[in-house]
Amino acid sequence: MNTPILLGRVLRSSTAAYTFGYNHVDDAPPPFGALIRADVATESVYGLVYDVVVHDDPFVRQIVAAGEEMDETRIQDMRQRRQTPVEITALAVAYARGDQVYQRIPPRPPAALQPIYACADAEVRRALARFDYFRTVLNNSQCPAEELLAASLRRAARCQLPGGDAPYLLAAGRELARLLAADPARLEAILRRLTS
Amino acid sequence: MLELRKLLDPLEAMGAEIAQRQKEYSRLAEDAAAQLQRTPVDAALQAKIELALKLDHTWRGAEPVEATLDRRHRPTSPPESATLIAVDGSQIYPDRHGPLLYYLLNTGAIIFRQGSAAAPQVETQPSLHFSDAELYDVRGNLIKAERINARRELAEMQRLAALAVEERTRGGGDLDPLILAIKDGQLMMWLGERDLFEAEGGEDAGITADLSRYIDCLHTLQRVQATPIGFVSTPRSANVIRLLWISALDAAQITREEVQQSPYRGLSDAALFARLLGPNQRSALFATTARVNRERFAPAGQRICFFYLNVAQRQGPDWAQIARIDLPEWVARQPQWADRVQNALYHDCVGMRFPYVLARADELAVVSQQEKRDLEQMLAVQLARRTGALPEPSPKARQKDLSRGYSR
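If you're matching them up, the sequences are chains A and B in order.
Under my numbering, think of the first position of the first sequence as 1, with each following residue one higher.
Under my numbering, think of the first position of the second sequence as 197, with each following residue one higher.
You may find that some hints are simply not true.
If you want a taste of the chain A side facing chain B, the calculated C-beta under 8 Å gives, among others [unchecked claim]: (1) Phe-59; (2) Gln-62; (3) Ile-63; (4) Ala-66; (5) Glu-72; (6) Arg-74; (7) Gln-80; (8) Arg-81; (9) Thr-89.
Worth flagging that the hints you see were computed from the coordinates, not collected in a lab.
Being a predicted model, the structure only gives us computed values, none of them experimental.
Ideal Cβ placement from N, Cα and C applies to all residues, glycine included.
So here's chain B without its partners, still in its complex pose (with noise of 0.2 Å):
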């Protein structure tokens, strides 16, 4: 039970705190515009990036990939009807609590064929993971979260590469036709620097084997000319404005402290685009530099670039809505890439703002919990006729159930 009353002078605290930010933002964005606007993309701009990643190897930067880091862009040429495959998953984390230890990952997936005015082709695929070498890691710890959503998002670039080489073949293995695989959220496969250390220590070889398939599935999406998109919706991320902090010292000022300290803390790169692009246009493009990219990716030729994209219909900073799109940097060297894949893309989000591809994705991947429950009982149902027992929950469970109205 939450007592809203009880929280009245903090709610009042924070909304006073929260217009003063936003106005502190407001002048930070646009000293942030001012300094993308003059800092040029040349040796001096690039040996700062080299030491900012020195003195910190986990400093989260943007390096510049075009020449000018104010681009701003709008298709010239007209849209292209293409096709959008799109998949997103979902997850049953193992509950210790539960009557049964297991996880569960479901894959939802659509092929959307832009102008076609057919339905489009949706699917799902449930894999249900009970072996202990599924379920534990290297030192018998249940597994973590974050290696059960490492899993997913493998299990998702494994669809869309299957996908986009079944859409080829449908199409007669003509390279031409634009397709994109796309999926909800960065790009990268998400690796922590402890995951990716642990791996480099070769404690947890499933991580860096992990990592090569889903750099596989890469691969596989180039051989077969489909473009790999990673829709970030709202982001979060500084990357671009970490580099203006850099860029705005001088080389002596650089210092492991001043790489980590920005006065720029809190804004985001979102909040800065907001204010630059028009509905349709996009920025320059970036790479980040987040360790696995520079170690991981970008030797085995994959790697991940990004841009800002105002999704919007409408024009002004206020009416803006920012995205981040991450692709693979290959991409970037296909003639009249940009426009192809930003007409795609700003056709699909109209009306929603956001991709409708990734929210049907979405749609069709989660798993609702009474879908939740009636999966647990027939997994009972199950291990009763082998053991003649209904497994039973944590007397923990059980009385959260009782308190939630739920019944296992």
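One chain only, chain A, in its complex shape (with noise of 0.2 Å):
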């Protein structure tokens, strides 16, 4: 089993969502509809990525408004060394309890400072075999939950074995309908954004 990759530690959090700095400059922060996973006692909480906030200071608008040509290193210290980490929030979709997966909202929040990891194929398989979660996307104000349905059905699609993504995405599609049966245009915007 592959080492999980650390992508930073949680900020702030609620049970609802969880924002944690990202700090690996070298790559580029887990993109929007990406899932990860916080680690609680025995619980381990999924989140779909839905905001990467690349934050400002002073010290940054005073170089960018002097407007002179940038010297090399200095971008890469601001990018790397400053204490500017980029921040992510996640929409808590999912938690695991040993083997049994409940896309349902955790029962409590990741603490500050746990430690946060992408998913592997086999775990975006695992976490969203299902598709409960997406009354829970559907229904969060907070989140642009159309987009962040669509693109996390893309990226899970991606992750099946060989052959699986068509049957998955169509399983996924006849859910979206029963749910959205009375939001025809809901419907179809999450289905154009998933197509396109």
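Need the complex rebuilt from these two chains, each delivered in its own frame; the hints are there to steer you.
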């Protein structure tokens, strides 16, 4: 089994969502819609990345405002050495206890400084095998729900075993059609994003 | 609470006074510039300097190091990629109203390799001081802020020396690549005349020992050929102005009163050189006549000299940003020293009119109020584990915290 990739540590959290500081400057941060994991005691809390914020501060603003040609060493200093992490927020959509995955809000949030890991393909398949989390996403007013569902499904489809992506997306589409039968405009918005 | 409306009249008076003073300074600076241009560096000038020091040993003037006072130099050689090592420090002073008596020093350092396109190396080094020997002076009084500042300066210089040695080792011991070891503020360890007097009287051997360690660091930097730099931004010093005043007097006119009362009072060297220096142009090199320089640094082969450098990008006195650059005299004996140092510093000031590396070192060194509160909580927990009781701040400190919304 591969060693899980440590992405960062929790800055603040609630049962609904958690935000962590990301400081892997050499790699791009986990993209919108990616599944990540925080371990809380005997549970693993799964979240979908829905907000990535790169902070500024007076130092950065001063340099940008100066408008001079930027020295590459300064750019790397700003990106790699300064204490201004990229902040990433994930919506909690599931948790696992032992071998069992529950697609609902976790009983407790990750604690501050709890490590956050990227999820490997097998873990994505296991955590998002069912679609009960759709309702959690669709009912959340803090995240761009349609965009997030479409992005997470596209990513989850790529994690399926060979030949499994189309059946996975078909099953997801059916579930969405059932949930959004009374809201065809929203359903169409998701399906368009899913297929384009 | 500050009731600004009660300051309206004084503010108006202050504005008028400052505007008037600026006009006066402009006239004085013009006069001083003319004096700078016509004063030769000769035996007569040196004799006047010696006389001024004899009449007032605290006279903070300037001694010329180069053949002319009105030198203006812009580098002619192209910039090279230098390594800039910058260190800055901060401190938490002991608080006799606080729950625990201690002081903290924290140094922040950056090693910035120009042109490397790689992220610089950064570090911080905190040190906690809590023993009686560290907290009390020889008379049993709580250590003064000035002594803590001096110890911080020593800690900064020790980091600079250690990092410079590491950097040379990293480069295989080749002494040719330029390394600047930069600290914020003057390069001389700050010692008041009283501190120096006490040290001479043997009352506080710690001051003498700290000064020796500081000078040892300069020797270390010299051994690895790293150039020590003290960068003074917006300097208020008037060493050259004082020199110009005594140069304008006949030797017979130089009395203790004349030395101490200059018509240029209030005019700074920076105001003078802002009129004279263009971007990336430096003044002549001078040595400060401060007693500690003459009696401690110079005999050790580390006499501190300085020049003024305009670090602005735009031409004209209104845009000028004059910095005072301190360095040891041995640097000035190296070939091409001025071009190399000037180019490296000036390039690092681009976009900020202040060295980028010092801004970063300061950012690394600073201890926030929140960090201070966190540290004191950790100390309190340590103490509570051993004594079973949490240390208490004084009633005064508690009241102040309450009114400011803090909780210890």
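Violations among the numbered hints: 9
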